[in-house]
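Residue numbers (my numbering), protein chains in the order written: chain U, 1 to 431; chain X, 1 to 281; chain Z, 1 to 314.
Treat the hints as calculated values from the structure; they're not laboratory data.
Remember, predicted model here, so these are calculated numbers, not experimental data.
Careful: at least some of the hints might be erroneous.
Said to hold, decoys possible - Facing chain U, a subset of chain Z residues (Cβ under 7 Å, in silico):
id: 1; residue: S168
id: 2; residue: Y171
id: 3; residue: I261
id: 4; residue: A262
id: 5; residue: A278
id: 6; residue: S279
Said to hold, decoys possible - Only pairs whose alpha carbons sit at most 25 Å apart, straight line, appear in this in silico SDA-like list of lysine to any residue:
id: 7; chain 1: U; residue 1: K54; chain 2: X; residue 2: S227
id: 8; chain 1: U; residue 1: K54; chain 2: U; residue 2: T38
id: 9; chain 1: U; residue 1: K190; chain 2: Z; residue 2: G163
id: 10; chain 1: U; residue 1: K130; chain 2: U; residue 2: D347
id: 11; chain 1: Z; residue 1: K247; chain 2: X; residue 2: F206
id: 12; chain 1: U; residue 1: K409; chain 2: U; residue 2: D424
id: 13; chain 1: U; residue 1: K409; chain 2: Z; residue 2: W89
id: 14; chain 1: U; residue 1: K365; chain 2: U; residue 2: G292
What the hints assert, rightly or not - Interface residues of chain Z toward chain U, partial, derived using beta-carbon atoms under 8 Å:
id: 15; residue: W28
id: 16; residue: N257
id: 17; residue: G263
id: 18; residue: S280
Here a beta-carbon is modelled for each residue, glycine too, at the ideal position from N, C-alpha and C.
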Amino acid sequence: MKLSVRTAVAVTALAVVTACAPQTSDNSSSEKDDKTGTLRVWLFQEVSNAPKEKVVDAAVASFEKTHDGADVQIEYIPVETRAQRIKAAFNDPKSAPDVIEYGNTDTAGYVKDGGLADVTEEFADWSEAKDNDPTAKQSVTVDGKIYGAPYFVGVRALYYRTDIFDELGLEVPKTQAGLISTAKEIRAAKPDLYGLAVGGAYTYGAMPFIWSNGGEIANGTGGSYASAIDSAAAQKGIEAYTSLFGDDNCPAAKCAGMGGNDTVTAFASGKAAMAIGGDFSHAAIEAGSVKGKYAVVPLPGVKSGEIAPAFAGGNNIGVLKSTSHRTLAVDLVEELASKKTQGELFDAMGFLPTYTDVRADVAEKEPFVKPFVQTLAAGAKFVPASPAWAQIDSSLVLPTMFQEIVSGKKDVAAASKDAAAKMDDAFSSVG
Amino acid sequence: MSLMGGFVRRPWRLAAEVSALLIAAVVAFPLYWMVLNAFKPAGEIESTEPRPWTSEPSLDSFRRVFGQQEFGRYFVNSIVVVCSVVLASALIAFLAATAVTRFRFRFRTTLLIMFLVAQMVPVEALTIPLFFQMRDLGQLNTLGSLILPHIAFSLPFAIWMLRGFVKAVPEALEEAAYIDGASRARFLWQILFPLVLPGLAATSVFSFISAWNDFLFAKSFIISDTSQSTLPMALLVFYKPDEPDWGGVMAASTVMTIPVLIFFVLVQRRLVSGLGGAVKD
Amino acid sequence: MTTHDALTGRGTATEAPPAGPRRRGPGWTPWLYLAPALVLLGGLLVYPIYQLGLMSLLEYTQAQVSGGEPTTFQGLGNYTMLFTDEQFWQVLLATVVFAAACVVSTLAVGCALAVLLTRVRAVPRLALMLAALGAWATPAVTGSTVWLMLFDPDFGPVNRVLGTGDHSWTYGRFSAFALVLLEVVWCSFPFVMVTVYAGIRAVPSEVLEAASLDGASQWRIWRSVLAPMLRPILVVVTIQSVIWDFKLFTQIYVMTNGGGIAGQNLVLNVYAYQKAFASSQYSLGSAIGVVMLVILMAVTLVYLRLLRRQGEEL
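Let's have the full structure, built from the sequences with the hints guiding it.
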């Protein structure tokens, strides 16, 4: 009996060693370019999505009128599972859509994955493209080639409750230190509220603290990056951010696991006196119980009068390399990301347009946009434009770092060192 | 009919019975809680004084659940997958178990060991290679991509469990059948199969549960045609880690648990005797 | 010679037919019967395992998979990366300890309740059986969410009853593991209870009668009389539990939201999934899968040894 066990193991071992590469999918540009047929589009589903759907439907209607024989099908996918679905689409070109909306932090990663089509040539003819602001243009460019059209930008600023500030006689904080002490003051006076809602998994809310202290996520250019998250300056920022977790502001047990949306929800439902929210959170907060009782200012920097550099978030729309309707897809992208549609999208959802002129118009129309435009003007920053970023983001390097500090597992120095090591591993693995 | 009825003293037995009833209540509580909250209106669920009963049962949560896009479709999909898996796996395992138990041939022992080893495989790790295989077979985004792997994964355990039942059928019976002129096939289906039925009921419970429960494969193989998705995916729509719609989650959970309970009730008599048969001397 | 054969039913006296002129040889028939099973298992189990092993030897991330970059042979590079990562060892330790705790708890509860079942009359026995079957029937996803709700900081009855305000049971590492353990024991003990109960019922009552008349206590009866007689069943049940609890995925994934704060509640299976799907390092995830496979195979070998020692003839 022992013999047959050995043979079984040996046979299996032999099979493993035999060479034969596992499957890869072939994402090479398809030769086909049908001028008619069905175009499939994946867009992100937002909280209260109905207004977005209306705007998109209008753009699609106008596209179908000018393109006979083309039929557009839109699917709205939840943001949380987008990464897996888009990767699955890269893996199986047959079931993939033709056009996708994607976050601008994913651009470099998706290009390396070979999923997005290079549309530099087509966009060279597109007149509106040149009016995009430089950061937006940068977010669709990798190695000098363009892989999509910017759809909207989003920045974050400080939302605060005017009624609570009035009640407690507080001034709007003008420095980072002031922000922290104000938050703790509020919590002391009103123990059932968070002073400033913060999340351990809210990377983009934490970054301004690091940037305003002079720290960086990583340094480098195009080719290679090296992590700088453990530098003295960065550590100061991390300390500042993590000092907001605790029973004196936002208890770790509740707040360590929160992400951006959770902090915004807490503010909108009246559980927090302040929150770091985006221009895109406007609709959700208006729909909450704090309507009419809040205002927005740019997030203060370290020194009085400074604005903490915000993260220049945003989404782009791109064409998949595997599409068999390339010309149609490019035209559809131009329609969906056009100045007209972006203007309408702003009216409907509050998403900031990426064109400088459209944005200026919008700022005039709607006062709530002012602090966000100010923040953008003060200089918004981006994540390292390396293909490794997608991996760093999805393996939660920074949230893990914050959570380790907040839960007392590691101190700031140790946690940031480990995070830097993980990031360097990722950067070097993409070469 | 108590085993030790005659010689267990009364106070002990009373204590034992009370404990049994209490424990039964504790074990059943989570299920009761699930059904209760499925029927509670949202206000009561989120109140600061949750009560173990409700004065105004409402169907709101169920409406939300069924109103969700294509929930009914997901339910049907799950049923289809599970029925196919249970039937196919029962048949195939029965044939295989018969083969390794009632015949002697080379590699018999090797095969048995490999079936045993196969049970140890952490199937979640195989999702990626399986994804590509399903793609090559053209089965991606179809229920087939869920049915095939589940049949395969339930076979090793089923074959091992059925061995005992097949072995339990006496040789004499087989001999008698052949003497009477029955063909092999006739013996197999008309004599052996019915005798092994209790064992099949027992193993079908396991394959039912594992197929019904699966959400990883559904998440990974069904991407662009969501009308082919299954129930566990529907459940997770209502469950967002920080602010779950508890009413919806409990309603969806209740809907998801009912078929399993029904199946259990249908086979439970066979099940207990089946498991008993597997360990009887 | 008949041996007490837990898994295979009858004693070995009634093994396969003797070869002789009256009997037809097996011929192709067994292979015919085995064909569907072998085809399915070969294609959907053996082949993917082989692919898994292969992928663990390559650099295989999303870029390779979607054709953006060529696949390169890494040899044991992935394994080196894995074994020098401190987190891997932490997760491995956590998995082993957690699985052990689950197995011990499940067995203790299951066996104790099995004995209890033999002590009571029909009605309480039926009640307990039904409750247990209900727990067993509950799908893992469902059970996880229900237990999460029971312990929910804001809306759960546990905090109400214990008066612990809005304490979060999923925040601390051990308390999160404890919560998952409760759910796992809840849905796994029925299997043990039913199986062991069936085994006890098969024990001749004279033996138990004699022991009781001799004045042995319950615990003594269990230890010296029942346990040895139930050994084959206990072995089966233990090994099955070890395998299932080591491979645990759904409950941890759902109840700790993918592995807990800073990944403190990761077990191997979830860890592999996060590596493969979340960070798209399919090759690393495959390497972890291979490690799990090896560990579980070692457990299988132990099981086979134990079976053989009982005289079990395969």
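The hints, checked one at a time:
| no. | hint | verdict |
| --- | --- | --- |
| 1 | S168 | holds, 4 Å |
| 2 | Y171 | holds, 4 Å |
| 3 | I261 | holds, 5 Å |
| 4 | A262 | holds, 4 Å |
| 5 | A278 | holds, 5 Å |
| 6 | S279 | holds, 4 Å |
| 7 | U:K54 x X:S227 | holds, 24 Å |
| 8 | U:K54 x U:T38 | holds, 20 Å |
| 9 | U:K190 x Z:G163 | holds, 22 Å |
| 10 | U:K130 x U:D347 | holds, 23 Å |
| 11 | Z:K247 x X:F206 | holds, 16 Å |
| 12 | U:K409 x U:D424 | holds, 22 Å |
| 13 | U:K409 x Z:W89 | holds, 17 Å |
| 14 | U:K365 x U:G292 | holds, 19 Å |
| 15 | W28 | violated, 21 Å |
| 16 | N257 | holds, 7 Å |
| 17 | G263 | holds, 6 Å |
| 18 | S280 | holds, 6 Å |
Checked against the numbered hints listed earlier, the structure breaks hint 15 alone; every other hint is satisfied.
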